[in-house]
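Colleague: Here's the letter readout for the chains.
There are 2 protein chains.
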Amino acid sequence: MARVVVDVMLKPEILDPQGQAVQGALARLGFGGVTSVRQGKRFEIDVAGPADDDLAARAEQMAGTLLANLVIEDFTVRVEP
Amino acid sequence: MARVVVDVMLKPEILDPQGQAVQGALARLGFGGVTSVRQGKRFEIDVAGPADDDLAARAEQMAGTLLANLVIEDFTVRVEP
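These protein sequence lines map, in sequence, to chains D and X. For the first sequence, position 70 matches number 70 in the numbering used here, and the numbering has no gaps at all. For the second sequence, position 38 matches number 38 in the numbering used here, and the numbering has no gaps at all.
Everything labelled a hint here was simulated from the structure, so no lab data went into it. Heads up, a few of these hints could be off.
The list treats identical chains as one, so a pair stands whether inside a single copy or across any two.
[Stated by the list, open to error] Subject to a maximum C-alpha distance of 25 Å in a straight line, what follows is the list of computed SDA-like cross-link-like pairs (lysine to any residue):
#, residue 1, residue 2
1, Lys-11, Asp-52
2, Lys-11, Gly-33
3, Lys-11, Glu-44
4, Lys-11, Gly-30
Pulled out of the complex, with its shape left as it was, chain D reads as follows (with noise of 0.2 Å):
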């Protein structure tokens, strides 16, 4: 058994009104100094089998055709066993 973990964030250049909503409640909330929230997604995926290299290649197949938008997203992958 080993679990992949895929963040996916919005790409930098793509605006984020969840984030902004985010930093502003902060603000309110008296948290500050805060000038950037960005949110993004994390995926816990866990499958049978080792945590190889074919793994780690199937993982960004995963990520890349069905959980991120590769158009407005980016999306790291860790295999961890």
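Model the placement of chain X on the given structure of chain D, informed by the hints.
Modeller: Just chain X, lined up with the frame of chain D:
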């Protein structure tokens, strides 16, 4: 300038229909062996000032107050320089 990364995931005992939908889609796309998918949120927060213990404490407060619903979600906080 420091960066705070907050990962918010549903508690293990809470049903995750988004994750289940992703799991079903991965199976239909031919990605076998996936036994569980959980979908959560990731926040990248840039804060002025040093990445010290004070920021770590404030980040925990931000997450517990605003970013996570502690009834149904768990969170982890990382502070990066």
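Colleague: Now tell me if each hint is right for this structure.
Modeller: Hints versus structure:
1. Taking the shortest alpha-carbon separations for Lys-11 and Asp-52, neither the intra-copy value of 28 Å nor the inter-copy value of 28 Å comes in at or below 25 Å.
2. In this homomeric assembly, Lys-11 and Gly-33 come within 25 Å of each other (Cα to Cα) only inside a single copy, at 23 Å, whereas the closest approach across copies is 30 Å.
3. Taking CA atoms no more than 25 Å apart as the test, Lys-11 paired with Glu-44 passes in both settings, with 21 Å inside one copy and 12 Å between copies.
4. Taking CA atoms no more than 25 Å apart as the test, Lys-11 paired with Gly-30 passes in neither setting, with 28 Å inside one copy and 28 Å between copies.
Going down the numbered hints, you'll see the structure goes against 1, 4, while the others check out.
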